[in-house]
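Enquirer: Each chain is listed here by its residues.
There are 2 protein chains.
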Amino acid sequence: MAILQIGAGGVGWVVAHKAAQNNDVLGDITIASRTLSKCEAIIESIHKKTNLKDRGKKLTARAVNADDVDALIRLIDDVQPDLVINAGPPWVNMTIMEACYQAKVSYLDTSVAVDLCSKGQQVPQAYDWQWAYREKFEQAGITGILGAGFDPGVVSVFAAYAVKHLFDEIDTIDVMDVNAGDHGKKFATNFDPETNMLEIQGDSFYWESEQWQQVPCHSRMLEFDFPNCGTHKVYSMAHDEVRSMQEYIPAKRIEFWMGFGDQYLNYFNCMRDIGLLSPEPLTLHDGTVVQPLHVLKALLPDPTSLAPGYTGLTCIGTWVQGRKDGKPRSVFIYNNADHEVAYEDVEHQAISYTTGVPAITAALQFFRGEWAAHGVFNMEQLDPDPFLETMPLIGLDWRVQELEPKQPVIHLLK
Amino acid sequence: MAILQIGAGGVGWVVAHKAAQNNDVLGDITIASRTLSKCEAIIESIHKKTNLKDRGKKLTARAVNADDVDALIRLIDDVQPDLVINAGPPWVNMTIMEACYQAKVSYLDTSVAVDLCSKGQQVPQAYDWQWAYREKFEQAGITGILGAGFDPGVVSVFAAYAVKHLFDEIDTIDVMDVNAGDHGKKFATNFDPETNMLEIQGDSFYWESEQWQQVPCHSRMLEFDFPNCGTHKVYSMAHDEVRSMQEYIPAKRIEFWMGFGDQYLNYFNCMRDIGLLSPEPLTLHDGTVVQPLHVLKALLPDPTSLAPGYTGLTCIGTWVQGRKDGKPRSVFIYNNADHEVAYEDVEHQAISYTTGVPAITAALQFFRGEWAAHGVFNMEQLDPDPFLETMPLIGLDWRVQELEPKQPVIHLLK
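Residue numbers (this note's numbering), protein chains in the order written: chain A, 1 to 414; chain B, 1 to 414.
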């Protein structure tokens with residue numbers, strides 16, 4: 001057995017550690033990235049934390065340009081993996097899927113191929129490019145598992161679990177995500193600042209009244225009492241799983257909500273107001289041309305640098321309301337992740353941890369044959385039970401909280 | 001008679017208009033700047049507003065590099081002015097003073113030569129370079145008038161007026177500056193963003209207990225009821241006239257205060273926190289090197305563009321407390337300037353207007369022989385009466401408000 005992991009950023013860091021802790025199942029591990037030294041740094045950390053379970057299996061670093069399909073195919077032919085785990089940024093999904101298709105090897109990723117805030121690739125179209133591979137993968141006899149992080153990912157498994165065990169009929173699905181941790185910086189992003197800033201300034205899309213609803217960012221807000229994290233303001237946002245849930249789970253409303261502190265939003269609004277979040281070229285007085293967003297990226301702390309000393313919990317979950325046995329029901333299925341526990345385990349923070357652990361949990365389902373049908377699948381489509389049984393063993397537990405059935409008070413802002 | 005004006009930014013714009021309105025006294029006007037088209041735009045505006053009083057006098061544009069002493073001397077030899085008015089940025093003061101000294105022609109400027117926020121050129125040293133010309137100017141038989149704007153400038157004339165007419169003994173001098181106008185932008189600076197942002201993030205210096213006190217920016221705040229503008233928060237800041245008043249007017253405390261709205265400070269703090277106000281080079285991920293402050297400058301509106309549609313008043317004045325005839329006394333000597341009135345008069349906003357009007361008022365005192373002694377002078381040293389008699393005729397009136405004697409409540413922040 002063998003896996004090939006592509007990507008050596010924050011998520012790649014955790015995926016590699018978790019793969020190493022489970023290499024008795026996953027086999028030899030190859031970590032590939034444009035920058036070889038980033039792969040080597042991860043391998044050094046794995047050895048430092050003695051996270052390589054079966055020391056007889058290989059753990060290797062390789063350089064690859066993930067934009068280059070032919071280079072990817074050559075690497076796959078060389079490594080001969082059973083599964084390619086794409087832990088890179090969204091914009092390499094399509095080249096890696098194509099390479100997997102041509103090389104006839106199964107594929108897994110943690111987020112959708114598009115940026116969700118550019119016209120034509122927003123939520124309603126988000127999966128068009130990847131779903132176009134459904135038949136191809138089936139015919140090639142390989143498996144594609146899409147969006148196998150926490151959100152997207154586990155939150156869809158929670159929804160599938162609700163459908164399978166908790167509800168006869170579903171009215172609303174609200175994915176709730178808050179990071180109540182503290183990294184000690186006045187302003188920083190938990191993952192790539194460019195991706196993060198583009199994502200949170202895009203319009204939100206949610207599904208309601210049997211159609212897509214489009215609203216400006218931060219214009220729909222509600223307050224939610226997150227277990228062990230307290231009440232937080234969350235804002236409607238475009239997110240991958242809104243699209244895939246709408247495809248596979250009938251509901252009257254499906255929406256994604258992310259918590260932003262007032263201070264975070266204040267920084268965000270200031271930066272947006274002065275034009276610093278723009279990806280458009282700006283000419284300085286000396287003639288230099290820059291993208292303001294690239295300047296911001298260079299100013300902000302490297303997200304990886306936040307991990308040591310990061311304290312507090314995240315809470316991400318799926319809030320489902322509907323009916324069971326004729327009675328109204330409201331449940332919140334969730335995980336709390338602890339930044340310090342994540343750092344102790346794999347030397348990274350909980351934002352990357354909550355993405356990396358599910359990816360390896362899903363990979364284990366694939367290797368065990370539970371999630372190994374031929375074709376391309378989102379997490380909602382797959383049996384939630386074996387996944388949810390495994391995930392706590394890999395590092396993230398989950399709970400079901402019964403709530404008083406009641407639709408949330410949604411504040412319309414601006 | 002003739003004047004040579006150097007500088008064609010916002011202040012230069014107003015200085016030129018006001019010179020034109022008074023060219024029966026000042027004579028031929030030459031406007032020189034690095035960029036000839038900026039001078040020509042001003043001349044076009046002067047003709048459009050029919051502000052050239054004596055149409056028999058010349059109004060000419062010239063190009064000059066104000067960093068080049070020899071080029072300045074050649075221009076002076078060519079133009080043969082009686083007075084050089086420096087309306088350029090502070091960093092050209094020394095080359096223009098040197099050129100005036102060598103060419104034996106009198107000199108006037110509107111702000112001190114240094115940036116006030118770099119170590120070694122802060123308030124205590126601010127005038128060292130320009131005051132070094134005192135004897136040279138005296139021996140050359142020429143006049144140098146320093147800091148002849150509103151603040152620095154008129155606020156020092158107000159202080160001299162208080163010394164001459166209103167007080168036997170002075171305890172405290174607080175220069176108060178608020179812009180209660182509205183330019184309709186979420187965030188913009190009223191003059192060059194680079195100069196403005198450097199100025200307001202520098203440490204404040206004030207004179208108290210017979211020594212210089214140094215404190216971080218925005219760490220001393222008081223609330224003051226400005227005539228016709230209401231109560232505003234003002235913050236202790238480094239400013240030119242604190243140094244010159246300390247040199248020439250005995251007082252227990254001398255301090256400069258500038259009004260910043262909570263929203264302005266919020267933007268400022270966000271930008272500072274993320275590092276956008278830094279003049280230090282920053283390397284982007286693609287290797288491009290930029291100064292963050294230059295990026296901000298390119299992002300923000302050109303201050304000149306704010307003038308049309310700018311509404312509301314400024315209020316700048318000198319609050320003097322002490323004793324007269326054995327009784328405590330507290331007076332605020334001030335001007336209100338109206339952005340719309342300024343625009344109607346000279347097609348610019350009140351921030352530049354309040355600097356340009358005093359410069360021409362001072363120039364008129366020089367031409368009338370009232371302020372024409374040989375040497376280098378700050379405004380505190382000169383007879384306030386003829387200046388204050390002239391200024392309302394040039395566009396800015398002034399009033400004396402008697403206040404209840406009471407030291408202000410100074411809030412220490414952070």
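No wet-lab data here; the hints were simulated from the structure.
Errors might be hidden in some of the hints.
[Unchecked claim] Restricting the straight-line Cα-Cα distance to at most 25 Å, the calculated cross-link-like pairs of lysine-lysine (PhoX-like) are:
no. : chain 1 : residue 1 : chain 2 : residue 2
1   : A       : K327      : A       : K233
2   : B       : K104      : B       : K57
3   : B       : K185      : A       : K414
4   : A       : K164      : A       : K185
5   : B       : K38       : A       : K414
6   : B       : K252      : B       : K327
7   : A       : K164      : A       : K324
8   : A       : K414      : A       : K119
9   : A       : K38       : A       : K327
10  : A       : K297      : B       : K186
11  : A       : K186      : B       : K297
12  : B       : K414      : A       : K185
13  : A       : K57       : A       : K185
14  : A       : K186      : A       : K252
15  : A       : K119      : A       : K104
16  : B       : K186      : B       : K164
17  : A       : K186      : B       : K136
18  : B       : K297      : A       : K297
19  : B       : K233      : B       : K186
20  : A       : K164      : A       : K252
21  : B       : K164      : B       : K252
22  : B       : K104      : B       : K119
23  : A       : K186      : B       : K414
24  : B       : K327      : B       : K297
[As the list claims (entries may be wrong)] Cβ pair distances, simulated, as ranges:
no. : chain 1 : residue 1 : chain 2 : residue 2 : range
25  : B       : K414      : A       : L412      : 19 to 27 Å
26  : A       : D273      : B       : G326      : 37 to 45 Å
27  : A       : K185      : B       : Q125      : 43 to 51 Å
28  : B       : G120      : A       : P279      : 34 to 42 Å
29  : A       : K185      : B       : H285      : 44 to 52 Å
30  : B       : K53       : A       : V289      : 40 to 48 Å
31  : B       : D54       : A       : V289      : 21 to 29 Å
32  : B       : G120      : A       : H47       : 48 to 56 Å
33  : A       : W129      : B       : N65       : 53 to 61 Å
[Stated by the list, open to error] Which stretches of chain A does chain B cover? Using the computed rule of at least three CB atoms under 8 Å from a CB of chain B, they are:
no. : segment
34  : 268 to 276
35  : 297 to 305
We treat Cβ as the ideally placed atom computed from N, Cα and C, and that holds for glycine.
Enquirer: For each hint, tell me whether it holds in the structure or not.
Expert: Each hint, compared with the structure:
no.	hint	result
1	A:K327 with A:K233	violated, 29 Å
2	B:K104 with B:K57	holds, 23 Å
3	B:K185 with A:K414	holds, 18 Å
4	A:K164 with A:K185	violated, 42 Å
5	B:K38 with A:K414	violated, 41 Å
6	B:K252 with B:K327	holds, 17 Å
7	A:K164 with A:K324	holds, 11 Å
8	A:K414 with A:K119	holds, 22 Å
9	A:K38 with A:K327	violated, 53 Å
10	A:K297 with B:K186	holds, 23 Å
11	A:K186 with B:K297	holds, 23 Å
12	B:K414 with A:K185	holds, 17 Å
13	A:K57 with A:K185	violated, 40 Å
14	A:K186 with A:K252	violated, 39 Å
15	A:K119 with A:K104	violated, 32 Å
16	B:K186 with B:K164	violated, 43 Å
17	A:K186 with B:K136	violated, 52 Å
18	B:K297 with A:K297	holds, 18 Å
19	B:K233 with B:K186	holds, 19 Å
20	A:K164 with A:K252	holds, 18 Å
21	B:K164 with B:K252	holds, 18 Å
22	B:K104 with B:K119	violated, 32 Å
23	A:K186 with B:K414	holds, 15 Å
24	B:K327 with B:K297	violated, 50 Å
25	B:K414 with A:L412: 19 to 27 Å	violated, 37 Å
26	A:D273 with B:G326: 37 to 45 Å	violated, 55 Å
27	A:K185 with B:Q125: 43 to 51 Å	violated, 35 Å
28	B:G120 with A:P279: 34 to 42 Å	holds, 40 Å
29	A:K185 with B:H285: 44 to 52 Å	violated, 19 Å
30	B:K53 with A:V289: 40 to 48 Å	holds, 46 Å
31	B:D54 with A:V289: 21 to 29 Å	violated, 47 Å
32	B:G120 with A:H47: 48 to 56 Å	holds, 51 Å
33	A:W129 with B:N65: 53 to 61 Å	holds, 56 Å
34	268 to 276	holds (count 6)
35	297 to 305	holds (count 4)
When held up to the earlier numbered hints, the structure conflicts with 1, 4, 5, 9, 13, 14, 15, 16, 17, 22, 24, 25, 26, 27, 29, 31 and fits the remainder.
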